[in-house]
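Undergrad: Given next are the chains, with one letter for each unit.
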Amino acid sequence: MGRSLLDKVWDLHTVGELSGGQTQLFVGLHLIHEVTSPQAFAALDQQKLRVRFPERTFATADHIVPTDSSARPLQDALAEAMLARLEQNCRAHAIQFFDHASGRQGIVHVIGPELGLSQPGITIACGDSHTSTHGAFGAIAFGIGTSQVRDVLASQCMAVRRPRVRRIEVSGALSAGVYAKDVILSIIRRLGVKGGIGFAYEYGGDVIDAMSMEERLTVCNMSVEGGARVGYVNPDERTFDYLRAREFAPKGAAYERARVWWTSIASDPDAQYDDRIALAGEEIAPTVTWGINPGQNAAVHERVPSVDRVSIEERAGVEEALAHMQLRSGDPIAGIPIDVAFIGSCTNSRISDLREAARVAEMGHVATGVRALVVPGSQEVFRQAESEGLHEVFRSAGFEWREPGCSMCLAMNPDKLVGKEMCASSSNRNFKGRQGSPTGRTLLMSPAMVAAAALRGQVTDVREIL
Amino acid sequence: MGSDPVVRVSGRGCVLRTHDIDTDRIIPARFMRQVTFEGLEKYLFVDDRAQAKGEHPLDDERFEGASILVVGRNFGCGSSREHAPQSLMRHGFRAFVGESFAEIFLGNCVALGLPCVTLEPADLGTLMDSIDLEPAQEIAVDLERQCVRCRVGTFAAQQAEDARSRLLDGTWDATGVLLEAGDAIESTAAGLPYIEGF
Chain A
54 MGRSLLDKVW DLHTVGELSG GQTQLFVGLH LIHEVTSPQA FAALDQQKLR VRFPERTFAT
114 ADHIVPTDSS ARPLQDALAE AMLARLEQNC RAHAIQFFDH ASGRQGIVHV IGPELGLSQP
174 GITIACGDSH TSTHGAFGAI AFGIGTSQVR DVLASQCMAV RRPRVRRIEV SGALSAGVYA
234 KDVILSIIRR LGVKGGIGFA YEYGGDVIDA MSMEERLTVC NMSVEGGARV GYVNPDERTF
294 DYLRAREFAP KGAAYERARV WWTSIASDPD AQYDDRIALA GEEIAPTVTW GINPGQNAAV
354 HERVPSVDRV SIEERAGVEE ALAHMQLRSG DPIAGIPIDV AFIGSCTNSR ISDLREAARV
414 AEMGHVATGV RALVVPGSQE VFRQAESEGL HEVFRSAGFE WREPGCSMCL AMNPDKLVGK
474 EMCASSSNRN FKGRQGSPTG RTLLMSPAMV AAAALRGQVT DVREIL
Chain B
6 MGSDPVVRVS GRGCVLRTHD IDTDRIIPAR FMRQVTFEGL EKYLFVDDRA QAKGEHPLDD
66 ERFEGASILV VGRNFGCGSS REHAPQSLMR HGFRAFVGES FAEIFLGNCV ALGLPCVTLE
126 PADLGTLMDS IDLEPAQEIA VDLERQCVRC RVGTFAAQQA EDARSRLLDG TWDATGVLLE
186 AGDAIESTAA GLPYIEGF
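Going down the list, the sequences are from chains A and B.
Its first residue numbered 54, the first sequence is counted upward by one per residue in my numbering.
Its first residue numbered 6, the second sequence is counted upward by one per residue in my numbering.
Keep in mind that the hints are not guaranteed to be accurate.
[Unchecked claim] Computed cross-link-like contacts, DSS-like style, restricted to lysine-lysine with a CA-CA straight-line distance of at most 30 Å:
id, chain 1, residue 1, chain 2, residue 2
1, A, Lys61, A, Lys304
2, B, Lys47, B, Lys58
3, B, Lys47, A, Lys61
4, A, Lys469, B, Lys58
5, B, Lys58, A, Lys101
[What the hints assert, rightly or not] Here's a subset of chain B near chain A, in silico, CB distances under 8 Å, partners left out:
id, residue
6, His24
7, Asp25
8, Phe42
9, Ala55
10, Gly83
11, Arg86
12, Ser105
13, Leu117
14, Gly118
15, Arg171
16, Ala186
Keep in mind that the hints were calculated from the coordinates and are not lab data.
Quick caveat: nothing in here was measured; it's all calculated off a predicted structure.
For every residue, glycine included, the Cβ atom is placed at its ideal position computed from N, Cα and C.
Model the full structure from these sequences, guided by the hints.
TA: The structure is reproduced here in structure tokens:
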């Protein structure tokens, strides 16, 4: 009987079985940031424990960093204290910290891949739910809480239950103007925001095979929005090519040996899955959320659903969503007016995202009254975009060009919505209050769709512009 | 290791009927700009409560002092922030009963010694109605017998076996348990080709 990638990686990383059926799993790569690590280090110090494998933990600062000025001390004293504590902890425990001065700072889920730290067949943990992102390489990557950050620092292990595996096959091809973001939003709409609880999602099929690594990162990133803590794609030539010459990836003869192992770790053709789901790529359209969770979405040519037509189970949620969003059943999705456009986040702030958004931005100018921000995912993305002149494209179209960070995805820095502003956002969560204003409203969509909305001042089918 | 067994939690209940409550709502990100968990209870559901203008269950004096929070489905979805269970715990909640829980939230709760148990939807509805009618009654979440008791009856409760045994054994604080593996950690690492760079 064939085995899935998850089966193989799980067995290789199992240190032992714990009571109640949990596994003690070795963590190959641990990524930390300023928000969820300080309390973990404090607990470690209190228990007089050391970091067991300091060379397997890497740090960066992303959530609280301002995107207009990185000058120290940071203007926000609370943010400065968090950054200083991370520096202190990394120094005390000999952990490599990719800070602003290193030139390698960025959103943790952007820099892991670009530095070649995220590799096939490894286990990854990070105190951030979007750690599922790294599954794009064929890694098994878990978002963890602070207690588990402490566990990993102390033991390089986590106590975790083996998930079941659901194979999600996206067949055919995507049409122009349809992106990875639309694929994952469609999957979440189909399976629901809790459909993935207890599952790891394995994405495959022609559409996924044809995707670039950056597109696969977008898909895996939002697995957790569908309830699946882990999502992954089997490694292939595209994965291996991406890793070639990355800073922390193996080089020369070691790279060749690694390729052999990476190939062997992929799911067998006859692998057994606990569940299988199929979607047709041709049926996926540019998608936009209308509600307060990522599953509440529709194709851009559709309408906000009628409360009477959803299941009784969903009704209260839809009513709450429409009240918050100030939308009515039957309103067309296209044409919803926006106040803010945000291009960024661990979902969609990579160079290919910025290129697609710039293609649209080039076709016009940000509409009067719309505030538009482009926040690259890392210093590397920032430099690459500037070398291609994308920053000039954005600026001359009326977008603000910012420095890297999580920014308005979760508004822990000064980038926030104000009052009831409606934001077209390339991020991952449209939860109430997520973007910094309790009454702020978020419409999730692809970066190209955000750019289109910015130009027209309302939700727009990007295919009309391209 | 070093943590106390959690066998049974009893106290008054508080009912939160909304489904899909995410951790951003439990504790908005802007209140996480600190290096400890201290004082987080002040910001528990802060935006929802402000918008409800006193009508939020947490501000309902009938539920004052409740230690068991009864919720709907997919409670705690979204961000992995342990600030969410920390703020609930610091407010006084010691156990959660619901239709379903998001995975990372549930794991974070276990790591703090807070059980999350699920009931069949019909039973959950009955429990919620009962608490609403008689908020002063004592609710018991019994891990050993795998049930939730209230004045109108006893309901079979489900809980993942690993969470249940870690709470019952008092091994919910995992660090000690993981360190017991000793050299097996290094020998597992030694079997992985990437550890030494292939």
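Undergrad: Now look at each hint and say whether the structure bears it out.
TA: Going through the hints against the structure:
For the hint linking Lys61 (chain A) to Lys304 (chain A), the alpha-carbon distance of about 24 Å falls within 30 Å, and the restraint holds. Restraint check for Lys47 (chain B) and Lys58 (chain B): the C-alpha separation of about 16 Å stays at or below 30 Å, so the hint holds. The hinted pair formed by Lys47 (chain B) and Lys61 (chain A) fails the criterion: a straight-line CA distance of about 45 Å is larger than 30 Å. The suggested pairing of Lys469 (chain A) with Lys58 (chain B) holds, with an alpha-carbon distance near 23 Å, which does not exceed 30 Å.
Simply put, Lys58 (chain B) and Lys101 (chain A) have alpha-carbon atoms about 46 Å apart, too far for the 30 Å limit, and the pair is violated. Satisfaction of the interface hint for His24 (chain B) is found here, the shortest Cβ-Cβ separation to chain A being roughly 5 Å, below the 8 Å cut-off. At a threshold of 8 Å, the smallest CB-CB gap from Asp25 (chain B) to chain A is about 5 Å, leaving the interface hint in force. Interface restraint check for Phe42 (chain B): the shortest CB-CB distance to chain A comes to about 6 Å, inside 8 Å, so the restraint holds.
Interface hint at Ala55 (chain B): satisfied, since its Cβ lies 7 Å from the closest Cβ of chain A, which is below the 8 Å cut-off. Given hint, Gly83 (chain B) at the interface with chain A, holds; its Cβ is 6 Å from that chain's nearest Cβ, closer than 8 Å. Proximity of Arg86 (chain B) to chain A holds as hinted, the smallest CB-CB distance being about 7 Å (cut-off 8 Å). With its C-beta approaching chain A no nearer than about 6 Å, Ser105 (chain B) sits inside the 8 Å limit, and its interface hint holds.
Hint on Leu117 (chain B) holds. Least Cβ distance to chain A is approximately 7 Å, under the 8 Å limit. The closest approach between the C-beta of Gly118 (chain B) and any C-beta of chain A is roughly 10 Å, which is over the 8 Å cut-off, so the hint fails. With 8 Å as the threshold, the beta carbon of Arg171 (chain B) comes within range of chain A, its nearest partner Cβ sitting at about 6 Å, so the hint holds. Look at Ala186 (chain B): its Cβ gets to within about 5 Å of chain A, closer than 8 Å, so that hint holds up.
Hint compliance for this structure: hints 3, 5, 14 are not met, and every other hint is.
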